[in-house]
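Chains as they are written, first to last, in the numbering used here: chain A, 1 to 358; chain B, 1 to 356.
None of these hints come from the bench; they were simulated from the model.
Where a beta carbon is used, it is the ideal one built from N, C-alpha and C, also for glycine.
It is possible that some hints are incorrect.
[What the hints assert, rightly or not] Derived pair list, reagent style EDC-like, types lysine to aspartate or glutamate, alpha-carbon separation capped at 20 Å:
no., chain 1, residue 1, chain 2, residue 2
1, B, Lys266, B, Glu331
2, A, Lys73, B, Asp55
3, A, Lys18, B, Glu331
[Unchecked claim] Just a sample of chain B residues kept apart from chain A, beta carbon distances all over 12 Å, derived:
no., residue
4, Pro103
5, Glu113
6, Arg142
7, Ala157
8, Pro196
9, Asp338
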Amino acid sequence: MRWRRLLSLIRKEFIQIKRDRRTLGMMIVIPFVWLLVFGYAASFDVSHISTGVAAGPQYPLAPMVSTLLASSKYFDVSEQGFATVDDLKEAIRTGKVSVGIVPPQVDGTPGTLVVDGSNLFTSQTALRQLQMLAQGLAVQQGTSPAIPFKTEILYNPDLRSANSMIPGLVGVVMVFIATIMTAMGVVRERERGTLEQLMVTPLSSTELMIGKIAPYVVISLVDLLIVVVAGVFIFDVPFAGNPFLLAGLSFIFLIACLGIGLLVSTVSQTQQQAMQLAVFTLLPQILISGFIFPLTAIPWGVRWIAYLVPLTYFLPICRGIFVKDLGMVNLWPYALILLAYAAAVIMLAAWRFRRRLV
Amino acid sequence: MSPSDEANTAAAGSRRGPADKCGARAAGAAGLATEPVAPSLVELNGVGVRFGRKDALRDVDLKVEDGAFVAVIGADGAGKSTLVRVLAGLRRPTSGGVTRSVPKEEVGFSGSEFDLYGDLTVMENLRFFASVRGLRDARFRRAAERILEMVGLTEAADRPAAHLSGGMKKKLGLAAALIYEPRLLILDEPTIGVDPTSRRELWGIVAEACAAGTTAVFATTYLDEAERARRVVLLSAGQVTEFSPEMTADMTEGWRAWVLPQGAQKKELRVALARAGLGPRVYLRQEGLALLTHDLVEAEELAGRVLSLAPGTQKGRCDIRPAGFEPASLEPVSLNLDDLFVLVQTGLAAQRGGGS
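Just chain A, with the same shape it has in the complex:
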């Protein structure tokens, strides 16, 4: 690879992006617009919330609580055998459960309800349903309707939508910029006939590919910075994790998105087709990756699609780092999947790109 040749191409791309005020504006303004829209998104009910119940001799009410929860469609008592509230908190931190219940103890210690506040809709629904179950139970037993639990909402005590949506928006913005802009940028060259001129230059297909996507890497990372900074300073979303880890893993995610953009460009003849196809790949990512609706709320008939898109694996990363201070110890499975995904899609895109060139 000749760096000066590559730099010439990147410089040319930046001049063109700078001159195309409308596209440049779109790339900078869209993150802000989406920040406003998704920062105040509405909530949705969910069902089948994975719930952990502490069990043991000190919790005589545990079997009753489990039975009660099992009778509700809102809860799946998926993990049992937790001994303390700390066990439940760790299970929530690592994503094994979304809700943890420590029943009242024999010595009169009140029970504890632990909810994962980083997942807004799940925690809201869990609280509401638990309250209703407790009230129902109290009415049945003729006792006080007060909930015999001390509630503790982790990471998002006020259940603010922004705290859940804005970390997710980091991924959505990058999907948009990287996929659509890359696809359009490459197809524009083909549509205008300039790709032929590039092909008769000594630029190799790898240099051509890197030169075309490099500007969008930079712009996407700038957008990431915009969303994070605006989220923290305008929407008061606390940033708990390591920003460098977020940047590093975002880069891997970005490569996957750029690969999809390149793939789209190899099957599109016109910019219009590229836009339509890119939106076609974008919509499922926004709708079923867990950004708006929790994955658990999506029936398996559709949910499998979520596992085909990279955002599904990136959302737990950006939310985890942003609000839960998760590190690689917790995130490595997602990072590994993303890395494999990025490598596979970029290789496929490069192969298709090379084939389409001549």
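Chain B: place on chain A using the hints.
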């Protein structure tokens, strides 16, 4: 002096040795057999290109020798653009092989449509295409100054390419392809949509480059342009026929061309031609009605049929000339490339030349 003559004359002072100059290959005009042996820059061996079920090129053999000046002619859809794209490395053949001894740094290409960046200025376009080929800084500035002056775009250097006229865009395309002094210049219909003055200027630029040692291959539908080249390759139904004047004589043996001079009433003649449906052997050219026949009797009979169908003529009365047409006798003329083109296209040529 025609551009090709200019090329011949200027060859003596060109940047490569006189043996591989356009002028040195003037002998090639006298026949392929006498052409000096020069190394091939690109060689096509049995090349075929297929688009779906259609063969754009079939079993094409073609050598482009160093210093050659080759015209590729053919009707629309004959495969000219495909051929020049294969030569430029822009299209991979479906079958056959391409041997290229010229590196990509030394290939210049300009397509039939404007294929540079409209949102970049003239200078930015030149800088980009020069820099990716390693021409930068002071060397680029000198080259840009020279090429802009050559194509007459010095004043427009800072204008966005999209704001240039059609002719200026063509010149910019040529300038971008020539700025790094390519060894091989490939042009796809370089003068399409360009006014006569700009056409002449464009050919002047190509001739100058050729005189400086650049090998040039161009596709065109204009036969007068093809006559500027040392070699003419005719593409018909995806196959090439390469010919020299000797081969032309063989291929047209037994055929004669006649012209019925008719300065006015072209419109009426055109209508009559369409009505007569005599095929491409009878057509309109600048001087009048052209006919390709074996003898005068057949020519007179065909001319009579055309004239009888001109508007204002009583149908079926061959001896009556339409109002406004002067009785004129048929004049024998030499067969030109247009005629040859018609004969090859219609399969009437007596003999087809071999490959390169």
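For each hint, the structure was consulted:
At roughly 18 Å between alpha-carbon atoms, Lys266 of chain B and Glu331 of chain B fall within 20 Å of each other, so this suggested pair holds. The suggested pairing of Lys73 of chain A with Asp55 of chain B is violated, with an alpha-carbon distance near 64 Å, which exceeds 20 Å. Straight-line distance between C-alpha atoms of Lys18 of chain A and Glu331 of chain B comes to about 64 Å, which puts the hinted pair past the 20 Å bound. Its closest Cβ contact with chain A, about 7 Å, brings Pro103 of chain B to no more than 12 Å, contrary to its assignment away from the interface.
At roughly 5 Å from the closest C-beta of chain A, the C-beta of Glu113 of chain B falls inside 12 Å, breaking its exclusion from the interface. Every Cβ of chain A is farther than 12 Å from the Cβ of Arg142 of chain B; the closest lies at roughly 18 Å, confirming the non-interface assignment. Listed as outside the interface, Ala157 of chain B is consistent with that label: its C-beta sits roughly 15 Å from the nearest C-beta of chain A, beyond the 12 Å cut-off. Look at Pro196 of chain B: its CB is around 25 Å from the nearest CB on chain A, clear of 12 Å, so calling it non-interface holds up.
Asp338 of chain B, annotated as away from the interface, keeps every beta carbon of chain A farther than 12 Å; the closest lies near 30 Å.
The structure fails to meet hints 2, 3, 4, 5 from the earlier list, while all remaining hints are met.
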